[in-house]
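S.K.: What follows is each chain in one-letter form.
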Amino acid sequence: MVLQVNQLKAKGMRQAVSFSVPAEQLVLLYGVSGTGKSVLMRALADLIVHEGEVLLDGVEQRGLCPENWRRQVMYFSAETAWWRETVEEHFETLPSAETLHKLGLDNDYLKRSVNSLSSGEKQRLALLRGLLYEPRVLLLDEITANLDFDSALDVEKMVLDYSRQHQAGVLWVSHDQAQQKRLADSEWLWDIEDLYAGRPAENSGGVAE
Amino acid sequence: MIYLSYWDLATLSVLVILLGGLLWLNGFTHVKQYWWANVRMVAQLLLMGVWLSWVFYAENWVWVALVGLVMLLAAAYEIAKRQHYRFHKGFSVWIGLFSISMTSLLLLVGVLTVVIEPQPWYQAQYAIPLLGMLLGNSMTAIGLGLDTLTRNSVQLKAQVEAQLALGKTAKQSMQFIREQSLHTAMMPVINMLVAAGIISLPGMMTGQILAGTDPSEAVKYQIMVMFLVATSTGLGTLIAIYVGCRRLFDARQRLDLEQLYKAK
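One line per chain: the protein sequences are A and B, in this order.
To convert a position in the first sequence, counted from 1, into my numbering, add 37.
To convert a position in the second sequence, counted from 1, into my numbering, add 8.
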């Protein structure tokens, strides 16, 4: 078990949810907007106030300092956020040329102004700056929603490569049906409504209690 | 010193009234505020004049302390009033009061007891004008700094949370906003320092020169005041930003914008 969630509830969620995501598993979550998917993801990363327990390999969220928890259970948003002028200022340790090359980028990108990047490049770099911390669970909140098809495929590949290499769990909110088909089989395609109803337990067998 | 009569002032007020008419004719939308500001200014200053003459005459520390307290409270209230987003439960006023007390007030006491050393050290003639100058400048800077901090926290929430999500501390995640707040707060003071003596004759010096003091003496006082003003505004802003930042995060380092409400 990687991530286990017991009776988690936050403002914006209709009711508490419980589930768990095993190691290396990619789970796709969908549902009508405004039903609390983002809230759920943000609560998992401990970015908002919530009730209930979240455990990573049996260690409770509250048992770790927030920085430590968020580096392991990392949240990524659809709209990438940048707080400095150039790309490199957003990296604590700079990625190697090789790493950048694999993503179809090169060293010049680090010196570039954030405003000069396409949304696809922004999303890849935003993912990269997080993945360099080697999180164990990725919470992806519609991270390809603003991207064209090819960029979305690049991002998908990046996530899949990472999760295979690091045996990381992935919880991915996506409304794109083609993407859902590409990434997850029906067992790991969850409707938020089912979570509220306590149902993914039946088909995944992975739900606690 | 040449004294002004109330008639002189009344004659000069014609200028202000004429300008009011001109503004009104040109569709200025805040004519009412303009009148009110003028009336308020005159009333406040007249009262202050009467009140201060009395305090100077009484030579009692209780009265000096009382005037000081009223000035501190008014400054704290003005800081809070300038906030677009305010903290709940009047916390903005507390931030203002705390930051100016820790800087303007302490600096004043320090400079009176160590540098100027009037007898007694709390002598109203020195204490009150100095406090006024420190408070006036600090109030502007702290008000601006805190406003930039809270506004940016609301508007740049995504940028703060993205950093939190990367496992940065609240302090690290707010660094870029703190820098902006400090910049906005300090600009007026830095401009004032740069302009002093070339573009503008600072108020205190002007007053002393008008009252017959030798300009080179007045300049020394002015330099001292500038040092105090710069220190007091800078430190006050740092304190206010620090306290404000802490208030915006909970124990789990989550950005908690519910601490704020939008002023009407």
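Since the hints were made in silico from the structure, they are not lab data.
Incorrect hints may appear among the rest.
Among the chain A residues that face chain B by a calculated CB cut under 8 Å, a handful are [as the list claims (entries may be wrong)]: (1) Ala82; (2) Asp83; (3) Leu84; (4) Ile85; (5) Val86; (6) Gly89; (7) Glu104; (8) Ala115; (9) Glu116; (10) Trp119; (11) Arg173; (12) Tyr233.
Each residue gets a CB set at the ideal place from its N, CA and C atoms; glycine is no exception.
S.K.: With reference to the structure, classify each hint as holding or not holding.
M.R.: Hints versus structure:
Interface hint at A:Ala82: satisfied, since its Cβ lies 6 Å from the closest Cβ of chain B, which is below the 8 Å cut-off. About 6 Å separates the beta-carbon of A:Asp83 from the nearest beta-carbon of chain B, less than 8 Å, and the hint is met. Among the interface hints, the one on A:Leu84 holds; its C-beta lies about 6 Å from the nearest C-beta in chain B, closer than the 8 Å criterion. Using the Cβ-Cβ criterion of 8 Å, the hint placing A:Ile85 at the interface with chain B is satisfied: the shortest such distance is roughly 6 Å.
Proximity of A:Val86 to chain B holds as hinted, the smallest CB-CB distance being about 7 Å (cut-off 8 Å). With its C-beta approaching chain B no nearer than about 14 Å, A:Gly89 sits outside the 8 Å limit, and its interface hint is violated. Checking A:Glu104 against chain B: minimum C-beta separation of about 5 Å stays under 8 Å; hint holds. For the restraint placing A:Ala115 at the interface with chain B, the shortest Cβ-Cβ distance is roughly 10 Å, beyond the 8 Å limit, so the hint is violated.
A distance limit of 8 Å between C-beta atoms decides the matter here; for A:Glu116 the minimum to chain B is near 6 Å, and the interface restraint holds. Against a cut-off of 8 Å between C-beta atoms, the interface hint on A:Trp119 holds, since the closest Cβ of chain B lies about 7 Å away. Violation of the interface hint for A:Arg173 is found here, the shortest Cβ-Cβ separation to chain B being roughly 12 Å, above the 8 Å cut-off. Taking 8 Å as the C-beta cut-off, the interface hint given for A:Tyr233 is violated, the closest approach to chain B being about 24 Å.
In summary, the structure is inconsistent with hints 6, 8, 11 and 12 from the numbered list given earlier, while agreeing with the others.
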